[in-house]
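Q: Chain by chain, the residues:
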Amino acid sequence: MDSQLTAWALAAAQALLFIASAPLLAGWLRRVKCHMQNRAAPALWQPYRDLAKLLKKRMLLADNASWLFRAVPYIVFSAMLLAAAVVPLVAVNLPSAAIADLIVLVGFFALARFFTALAALDIGTAFGGMGASREMMVAALAEPAMLMAVFTLSMTANTTNLSVATAYILQSGLVLRPSFLFALLALAMVAVAETSRIPVDNPATHLELTMLHEAMILEYGGRHLALIEWATQIKLMIYAVLIVDLFFPWGIATDFSAMVLAVGVVAVAAKLMLIAVLLVVWETVLAKMRLFRVPQFLGFSFMLSLLAMLTHVVLETGG
Amino acid sequence: MSGAMIKMGIYGMVRVSFDLIGEVRWEWGIVVLIVGTASSLLGVLYALMQHDLKRLLAYHSIENIGIILMGLGMSMIFLGSGHRMLGTLGLVAALYHTINHALFKGLLFLGAGAVLYRTHERDLDHMGGLIHRMPVTAFLFLVGSVAISALPPFNGFVSEWLTFQTALQAPALENGLLRAMIPIAAALLALTGALAAACFVKAFGIAFLGKPRSRRAARAREVPVGMLGGMGLLAALCLLLGVFPTTVIEAMAPITQLLVHESLPSAAAQGWLWLTPISPEVASYSAPFVVAAIIVVHGLGYLFLRRRAIPALRAYPWDCGFGHLTSRMQYTSTAFSQPIRRVFGGVWKVEERIDTLAGGGPIPRVTSLHYDLHTQDWSWLKIYLPIGRLVLAAANRIGFIQTGNIHTYLKFSFATLLAFLWIVS
Numbered sequence: 000m001d002s003q004l005t006a007w008a009l010a011a012a013q014a015l016l017f018i019a020s021a022p023l024l025a026g027w028l029r030r031v032k033c034h035m036q037n038r039a040a041p042a043l044w045q046p047y048r049d050l051a052k053l054l055k056k057r058m059l060l061a062d063n064a065s066w067l068f069r070a071v072p073y074i075v076f077s078a079m080l081l082a083a084a085v086v087p088l089v090a091v092n093l094p095s096a097a098i099a100d101l102i103v104l105v106g107f108f109a110l111a112r113f114f115t116a117l118a119a120l121d122i123g124t125a126f127g128g129m130g131a132s133r134e135m136m137v138a139a140l141a142e143p144a145m146l147m148a149v150f151t152l153s154m155t156a157n158t159t160n161l162s163v164a165t166a167y168i169l170q171s172g173l174v175l176r177p178s179f180l181f182a183l184l185a186l187a188m189v190a191v192a193e194t195s196r197i198p199v200d201n202p203a204t205h206l207e208l209t210m211l212h213e214a215m216i217l218e219y220g221g222r223h224l225a226l227i228e229w230a231t232q233i234k235l236m237i238y239a240v241l242i243v244d245l246f247f248p249w250g251i252a253t254d255f256s257a258m259v260l261a262v263g264v265v266a267v268a269a270k271l272m273l274i275a276v277l278l279v280v281w282e283t284v285l286a287k288m289r290l291f292r293v294p295q296f297l298g299f300s301f302m303l304s305l306l307a308m309l310t311h312v313v314l315e316t317g318g
Numbered sequence: 000m001s002g003a004m005i006k007m008g009i010y011g012m013v014r015v016s017f018d019l020i021g022e023v024r025w026e027w028g029i030v031v032l033i034v035g036t037a038s039s040l041l042g043v044l045y046a047l048m049q050h051d052l053k054r055l056l057a058y059h060s061i062e063n064i065g066i067i068l069m070g071l072g073m074s075m076i077f078l079g080s081g082h083r084m085l086g087t088l089g090l091v092a093a094l095y096h097t098i099n100h101a102l103f104k105g106l107l108f109l110g111a112g113a114v115l116y117r118t119h120e121r122d123l124d125h126m127g128g129l130i131h132r133m134p135v136t137a138f139l140f141l142v143g144s145v146a147i148s149a150l151p152p153f154n155g156f157v158s159e160w161l162t163f164q165t166a167l168q169a170p171a172l173e174n175g176l177l178r179a180m181i182p183i184a185a186a187l188l189a190l191t192g193a194l195a196a197a198c199f200v201k202a203f204g205i206a207f208l209g210k211p212r213s214r215r216a217a218r219a220r221e222v223p224v225g226m227l228g229g230m231g232l233l234a235a236l237c238l239l240l241g242v243f244p245t246t247v248i249e250a251m252a253p254i255t256q257l258l259v260h261e262s263l264p265s266a267a268a269q270g271w272l273w274l275t276p277i278s279p280e281v282a283s284y285s286a287p288f289v290v291a292a293i294i295v296v297h298g299l300g301y302l303f304l305r306r307r308a309i310p311a312l313r314a315y316p317w318d319c320g321f322g323h324l325t326s327r328m329q330y331t332s333t334a335f336s337q338p339i340r341r342v343f344g345g346v347w348k349v350e351e352r353i354d355t356l357a358g359g360g361p362i363p364r365v366t367s368l369h370y371d372l373h374t375q376d377w378s379w380l381k382i383y384l385p386i387g388r389l390v391l392a393a394a395n396r397i398g399f400i401q402t403g404n405i406h407t408y409l410k411f412s413f414a415t416l417l418a419f420l421w422i423v424s
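One line per chain: the protein sequences are R and U, in this order. In terms of numbering that gives the first Met the number 0, the first sequence is residues 0 to 318. In terms of numbering that gives the first Met the number 0, the second sequence is residues 0 to 424.
Please note that a few of the clues may not be correct.
Stated by the list, open to error - What follows is a set of in silico ranges between Cβ atoms, one per label pair, in the way DEER data are often shown:
#	chain 1	residue 1	chain 2	residue 2	range
1	R	Leu180	U	Leu372	29 to 39 Å
2	U	Val295	R	Gln170	57 to 67 Å
3	R	Trp44	U	Ile353	31 to 41 Å
4	U	Gly322	R	Arg57	25 to 35 Å
5	U	Gly270	R	Ser2	52 to 62 Å
6	U	Trp317	R	Leu43	12 to 22 Å
7	U	Gly270	R	Ala11	50 to 60 Å
8	R	Ala40	U	Trp317	29 to 39 Å
9	U	Phe399	R	Phe291	55 to 65 Å
Said to hold, decoys possible - Covered stretches of chain R, as calculated for chain U (at least 3 residues, CB under 8 Å):
#	region
10	27 to 41
11	107 to 113
12	120 to 133
13	178 to 192
14	286 to 294
Treat the hints as calculated values from the structure; they're not laboratory data. Note that beta-carbon positions come from the ideal geometry of N, C-alpha and C, so glycine has one too.
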């Protein structure tokens, strides 16, 4: 019973660490991007300052905002919190991973997106409607590609439980599976689309017509905006950790001794920093696509994950 | 009606294939799976193009029956290949979705009825802002929308999750084609789910949120308590069936026991908190945790953020400096689904017409603009209409033997009798 209690405490600590370090990843990303583009970089903890400022500010609500508009930031944040609690950041075999598997994780993202889109329609501005409509289109195309990639992995490991899958990949050692390669590419493309990065969306734009996610949350301010921004940062981190866990899990803690856990923290931090640098390079090299090129982009991602599935079925299950 | 009547088809299929025939073959499962996948995807795509709320819901019934059929099809495939446990899982997923669909579709139709009762409108583009005038109806309709869009922690999610879990057990099959086909069907189910969410963002968002688009919508009132009570009951069931799936699956055990002589003991093996259809290592889902987390975050938000903060200020939304926003500047339901219409172009027969009227003067200016859009169902144009025409034409040809003279009919009967006697002897 006692060991179970420690495990749950560790799981809670990991979830807290996850949501606490999400703004740090965003800050790192911004900093690297500024360096890459020859701009003066803000401090690493600037996102924390922004969040603190937003949390303290007095809120301004549109006069026809309904109760739904005020509830949505909390729903979105709790969905992301749950998702963060499920993904193994530092250690596998934690009991919280059993709350939800990979499919439920996709469900949490869908829940957050559903309510964000509704909040966008609540005020009745054209930008909100536009953002909601486009985001739902992108999501509809991204979701099958993501699940297909996830299915390939879970069929290999014969589980959809993230922690067990990570442990399986860890155990099987360095095996080059062609299906994983395709799935990695597909998942990375989906992650770019889902976390509203270039080339699908531009998180830093000031032109309303080019925004997707930002157009939806245009009417939010104060603590609501803080919660939504924080949730967005958590979402970016979840996707990064997901890719790390499923494809490069080496270094993650498998038991709960202090030394192993410390190694796990360092390993995941290093890997996330590297992924952020890759993302920055990708975002600096590419320009944003036209909206109706996005279906081709996501269609390509779906094809890749389909290929991953077929190579898995044809090549890897025979033996 | 949508809750019970269209389930008769499912009932018939289950009864005939599992009970009467008994020996299920996997070849039937393939047919059912393909029909189910096509039906769910096309159903949701057609639903997206509707702006009549009741028609939209009706098209969603096509989608949901498709999802039920996918579960049934996979169940047949697994049973036919000798995996009784997995076959039972598929059957449970299908039956669970059948109950769920009856609940949330009933709720949504009642909600649409409540809106119709107060606004006399079925067209989404004439509604809007109803969340302010009918808050309880809006809340209950929202519950139904979340449930049908298969989002956690409501009931629609549980049954779709079970369907996915069934699909992921495809590697157990020997046939390589099936092993590849079932996950693809599952990916299409994911597409269906995402499109259904888009459709209900549209339905709820256009009808209940934003500014009222017509005078009737602006003057709507809440419906009487009796109507709310009916919807409330169904909404509560939607949540309960979503949060306590293990209880539901245990209650279903006699049905699967009767049909395939199996039940799912592993589903609730870890206690009521954890749903583990196959084993805890393979997959688990705990809906009570999800609900608890949402409540805790709301409570914390209230304690730490809301109570200490200065009350929010209300103001006009930013209008880019062009004067006040009107309800005509909002997105309409047609506009909302335009990106999806463009992506999946060939699925509908789309007739789009833009009439512009240019004014006189040295510089021609557009003085009036008329936009017309019709989307039609190919299955109606290419399947039902030709069959209908064929039947009518055939009836016309055969009509000549119908003389209205009793002697002629007696002659026909006599000739038929002779022919039969000749065949028999």
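Q: Would you pick out the hints that fail for this structure and give their numbers low to high?
A: The structure breaks hints 1, 2, 3, 5, 6, 7, 10, 13; every other hint is satisfied.
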